[in-house]
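Undergrad: Listed below are the residues making up each chain.
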Amino acid sequence: MALRLGAIVEALGGELQGDAELNIARLAPLQNASPDSLSFLSNPKFLKELASSVAGCVIVSPALREQAAARGAFIVTPDPYLYFARLTQHWKRAHARPDGPRIHPSAVVDPEAVVDPTARIGPLCVVERGARIGAGTVLKSNVTVSEDCQIGARCLVHPGAVIGADGFGLAPDRGTWVKIEQLGAVRIGDDVEIGANTCIDRGALEDTVIEDGVKLDNLIQVGHNVRIGKHTAMAGCSAVAGSAVIGPHCTVGGAGMVLGHLTLAEGVHISAASLVTRSIHKPGQYTGVFPIDDNAAWEKNAATLRQLHGLRDRIKALEKK
Amino acid sequence: MALRLGAIVEALGGELQGDAELNIARLAPLQNASPDSLSFLSNPKFLKELASSVAGCVIVSPALREQAAARGAFIVTPDPYLYFARLTQHWKRAHARPDGPRIHPSAVVDPEAVVDPTARIGPLCVVERGARIGAGTVLKSNVTVSEDCQIGARCLVHPGAVIGADGFGLAPDRGTWVKIEQLGAVRIGDDVEIGANTCIDRGALEDTVIEDGVKLDNLIQVGHNVRIGKHTAMAGCSAVAGSAVIGPHCTVGGAGMVLGHLTLAEGVHISAASLVTRSIHKPGQYTGVFPIDDNAAWEKNAATLRQLHGLRDRIKALEKK
Amino acid sequence: MALRLGAIVEALGGELQGDAELNIARLAPLQNASPDSLSFLSNPKFLKELASSVAGCVIVSPALREQAAARGAFIVTPDPYLYFARLTQHWKRAHARPDGPRIHPSAVVDPEAVVDPTARIGPLCVVERGARIGAGTVLKSNVTVSEDCQIGARCLVHPGAVIGADGFGLAPDRGTWVKIEQLGAVRIGDDVEIGANTCIDRGALEDTVIEDGVKLDNLIQVGHNVRIGKHTAMAGCSAVAGSAVIGPHCTVGGAGMVLGHLTLAEGVHISAASLVTRSIHKPGQYTGVFPIDDNAAWEKNAATLRQLHGLRDRIKALEKK
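Residue numbers (the working numbering), protein chains in the order written: chain A, 24 to 344; chain C, 24 to 344; chain P, 24 to 344.
Errors might be hidden in some of the hints.
Each computed DSSO-like pair below joins lysine-lysine, with the alpha-carbon atoms no more than 30 Å apart [to be verified]:
no. : chain 1 : residue 1 : chain 2 : residue 2
1   : C       : 68        : A       : 343
2   : P       : 343       : A       : 343
3   : A       : 202       : C       : 68
4   : C       : 71        : A       : 202
5   : C       : 343       : A       : 344
6   : A       : 343       : C       : 344
7   : C       : 343       : A       : 339
8   : C       : 323       : A       : 202
9   : C       : 343       : A       : 202
10  : P       : 343       : C       : 323
11  : P       : 344       : A       : 323
12  : P       : 323       : A       : 344
13  : A       : 68        : P       : 305
14  : C       : 343       : A       : 323
15  : A       : 202       : C       : 344
16  : P       : 344       : C       : 343
17  : A       : 343       : P       : 344
18  : C       : 344       : A       : 323
19  : P       : 68        : C       : 305
20  : A       : 115       : A       : 68
21  : C       : 343       : P       : 323
22  : C       : 344       : P       : 343
23  : P       : 339       : A       : 344
24  : A       : 344       : C       : 202
25  : A       : 323       : P       : 305
26  : A       : 323       : P       : 323
27  : A       : 323       : P       : 343
28  : C       : 71        : A       : 305
29  : P       : 68        : C       : 344
30  : P       : 323       : A       : 343
31  : P       : 339       : C       : 202
Everything labelled a hint here was simulated from the structure, so no lab data went into it.
Chain A on its own, in the form it takes in the complex (with noise of 0.2 Å):
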């Protein structure tokens, strides 16, 4: 299952320094490389590790050139985590093993259901009636894509997700809730990746849309009728209300959250566990957590954020003396 080393160069471009005849049994981290390792170097306070890593080769920038030299082979790229990444890719495809059935048996798709005939629907799914699933598109274990939805080509969505259950919408009525049917779809572009048991609901009207590019990890909420822009990537447990527009190119830390109705720009990047209550309109890292602290010193600062309001005033009342 070795890969040699100039086979691999020739497949990713870089220029190699060593030889090109090594087999790389393994892609590993500098620390815990072996001999037969293929190693990357793309944070320079990681210097250390390459010094002292027996890795077989290492990927490394132009700037690292002599580092790298001193220690063996190695392969100069202008970025070596996008290369590193490529590279994965490249191994998984070369470790590829054989390939299930298309449609696994135990998959349930409706027969109104379009599924491109490169697309593989996993164990246990569900593809309902009307639902569209493109060209090079994987669905894995019992993922849920629910009537009239569409999910473009070379989607990735892995276990559990849910595309398309009814957006939350109640009218009250007397001390009760009356549910607005979800008349609309969700529809996902090209490249997307949508991670397990992440929910996409679908619109109330119109449409739930997230653009070619986006990345959702795991346990992300998306309400109905949102819209996600090209490329951007919300991680673990976030979560995104009901017609909030966020634009493309822009990030969401864990457990990072947007209320409904919101617009986020273009380039706009919320830290994890940061609620979003108000548009945002200007590029940039937006911020609002509660600092971590020992529990004893917490509980005081808290007591006291709790009269702040109060302290404000009695420093204006200090001042005007």
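The hints should help you fit chains C and P onto chain A, whose structure is shown.
TA: Okay, now just chains C and P, sitting in the frame of chain A:
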């Protein structure tokens, strides 16, 4: 598939001003409506959208009769949003496609479960021994209803929901954990909606109880022995820890969380992302969220927050002088 | 289905004061017990419930011997809560109904997976190629165990859990994301419990590791290459981002979150809804939560919080005068 405007008003009431013969091909928001669309206006801040909309007909409140008349056909009703909710239900019924089988052949229903003949069990659901599913209730796909759990009438359970997994009960024993078997079950009332991938744990000794009319969004965690009162609604990613009692007619915003063993009175509303750390006995809106800011401003304020108690002492000292 | 009190004490130990022939029909909390119930008291703040309870027998610590004797039959044991935990296990075994098939016929188990003959695979589970399921381990319904992932002995995995979906690995490339294939797997030790719809991602190059005795509640996200130390327990909706290392004997409260690449020492306890943003090397309880308040008070304090750094400067200026 179009519905005659007159037929809609015959079914749902309201006062029609306009051509009862107009065929309505879709329901649409004001700004995206076409001449064969029926729209609604429930929030006066969208009055501008009303004037410019080309919708064939608009549902409005009596107060907006004049503005609506200036534009074209309209239906007057005291609560346009509620009317719209009922309209979506009417629309869905009118456009219903033939149902699949009552119990999908891929579902795994234990012979000792009791499923009402009018309930529907979707593909790849699991209904375990002793479970009871009431009249008219629908389980979508991949739902699990565990041993001895009960679901009432007219409930809707979305894909991936798990009713009756074990509560998280552990007794410490010299550095390890000893499992407390969860001997209770889950009892869910009538007219309850449960979102995709939401989890409701079974009780330790007695049952976890979800009362009539409760509405739970996606990815919600309800711990063991919780009781949620009638017509309470919880938004996505919220959570209630074990043995908490939530009163009727409460709301919990997205990612809001209630700690264990607490009580919330009737009519308590918890804002999104807020953590309830003490029982709340008075109705009202409650919030605890660090306000989001650009990251640099947040960093300064967060750093100062960690010294807040000290600042208070310094203010006190200044006041003494 | 009742158990003789004497038989319980024979099985579990403890000193019985009372009629060994009493038949116990159920385990119940003190306040809802009946004369055929066995209850326990572990927290002295429920002493009042002890006095008024009509339970047939009560489990107490030696310190409460007198109060218990004043009421009726009792069992004395050094740790009543632990005794109660063991009792629930004994009760469950005694009342066990016949098991279903060892591997449910609806489960999809790859021929190249290795399932111990004493493990149980529930309905609609997926066990992929190369996965290993250890002795006595139980997968409930709709669980996915992905390629090459290992689960040890005596584990319990609740419905909808996903073991071994891809970690969230992406390299940026001119505004788009390039997937880093996740070539590692997940290794889970013995005696681990994994809650409903919880996700544990496979590693990028090496494995994600969950050590022996770890207990994970529902809807938890564990990122790639995380390591969780022995006997650590995490409550519902919590999360650990990629490459974080959680020590043994830690706890994380509900919706608590640990950012990527951090380290928590042994015996660190994170409060509910707190975000860990730096490594913690000292055991103890750590918290970072905005205290909840009525919304009006919160608004004032939150607004002032956004000027907190400026307030500090004003205090400094006052002090200089």
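Undergrad: If a hint holds in the structure, say so; if it does not, say that too.
TA: Structure-based check of all given hints:
Between the alpha carbons of residue 68 of chain C and residue 343 of chain A the distance comes to roughly 42 Å, so the proposed pair goes past 30 Å and is violated. With a CA separation close to 15 Å, the supplied pair residue 343 of chain P and residue 343 of chain A stays within the 30 Å bound. For the proposed pair residue 202 of chain A and residue 68 of chain C, the alpha carbon gap of about 23 Å is at most 30 Å, so the pair holds. For the suggested pair residue 71 of chain C and residue 202 of chain A, the alpha carbons sit about 27 Å apart, so the restraint of at most 30 Å is met.
Between residue 343 of chain C and residue 344 of chain A the alpha-carbon distance is near 13 Å, which keeps this suggested pair within the 30 Å criterion. Taken as a hint, the residue 343 of chain A and residue 344 of chain C pair is honoured in the structure, with Cα atoms around 14 Å apart against an allowance of 30 Å. For the given pair, residue 343 of chain C sits about 15 Å from residue 339 of chain A by alpha-carbon distance, which is consistent with the 30 Å threshold. For the proposed pair residue 323 of chain C and residue 202 of chain A, the alpha carbon gap of about 45 Å is over 30 Å, so the pair is violated.
With a C-alpha separation of about 60 Å, the suggested pair residue 343 of chain C and residue 202 of chain A falls outside the 30 Å cut-off, and the hint is violated. Restraint check: the Cα-Cα separation between residue 343 of chain P and residue 323 of chain C comes to about 21 Å, which is no more than 30 Å; the hinted pair holds. For the proposed pair residue 344 of chain P and residue 323 of chain A, the alpha carbon gap of about 28 Å is at most 30 Å, so the pair holds. This hinted pair checks out: residue 323 of chain P and residue 344 of chain A have alpha carbons roughly 24 Å apart, not beyond 30 Å.
Taking the CA atoms of residue 68 of chain A and residue 305 of chain P, the gap is about 25 Å. The hint holds against a cut of 30 Å. At roughly 21 Å between alpha-carbon atoms, residue 343 of chain C and residue 323 of chain A fall within 30 Å of each other, so this suggested pair holds. This hinted pair does not check out: residue 202 of chain A and residue 344 of chain C have alpha carbons roughly 62 Å apart, beyond 30 Å. Proposed proximity of residue 344 of chain P and residue 343 of chain C is supported: the alpha carbons are some 14 Å apart, at most 30 Å.
Only pairs whose Cα atoms come within 30 Å are accepted, and residue 343 of chain A paired with residue 344 of chain P is accepted, the gap being roughly 13 Å. Annotation: proposed proximity of residue 344 of chain C to residue 323 of chain A holds, straight-line Cα distance about 24 Å (limit 30 Å). Of the pairs offered as hints, the one joining residue 68 of chain P and residue 305 of chain C holds, with about 25 Å between alpha carbons and a cut-off of 30 Å not exceeded. Distance hint between residue 115 of chain A and residue 68 of chain A is fulfilled; the C-alpha atoms sit about 28 Å from each other, no more than 30 Å.
Of the supplied pair hints, the one linking residue 343 of chain C and residue 323 of chain P holds, its CA atoms being roughly 26 Å apart against a limit of 30 Å. Among the hinted pairs, residue 344 of chain C with residue 343 of chain P is consistent with the structure: their alpha-carbon atoms are about 13 Å apart, no more than 30 Å. In summary, the hint linking residue 339 of chain P to residue 344 of chain A is supported, as the alpha carbons are separated by about 15 Å, within the 30 Å threshold. Restraint check for residue 344 of chain A and residue 202 of chain C: not satisfied, since their Cα atoms lie roughly 63 Å apart, outside the 30 Å limit.
A C-alpha spacing of about 20 Å is found between residue 323 of chain A and residue 305 of chain P, which places the hinted pair at or below 30 Å, so the restraint holds. For the proposed pair residue 323 of chain A and residue 323 of chain P, the alpha carbon gap of about 19 Å is at most 30 Å, so the pair holds. Proposed proximity of residue 323 of chain A and residue 343 of chain P is supported: the alpha carbons are some 26 Å apart, at most 30 Å. Annotation: proposed proximity of residue 71 of chain C to residue 305 of chain A holds, straight-line Cα distance about 26 Å (limit 30 Å).
Pair hint residue 68 of chain P plus residue 344 of chain C does not hold up; C-alpha atoms about 46 Å apart against a cutoff of 30 Å. A distance of roughly 21 Å separates the Cα atoms of residue 323 of chain P and residue 343 of chain A; the hinted pair therefore holds under the 30 Å criterion. Our distance criterion of 30 Å between C-alpha atoms is broken by residue 339 of chain P and residue 202 of chain C, whose separation comes to about 54 Å.
Of the hints listed earlier, those the structure fails to meet are numbers 1, 8, 9, 15, 24, 29, 31, in rising order.
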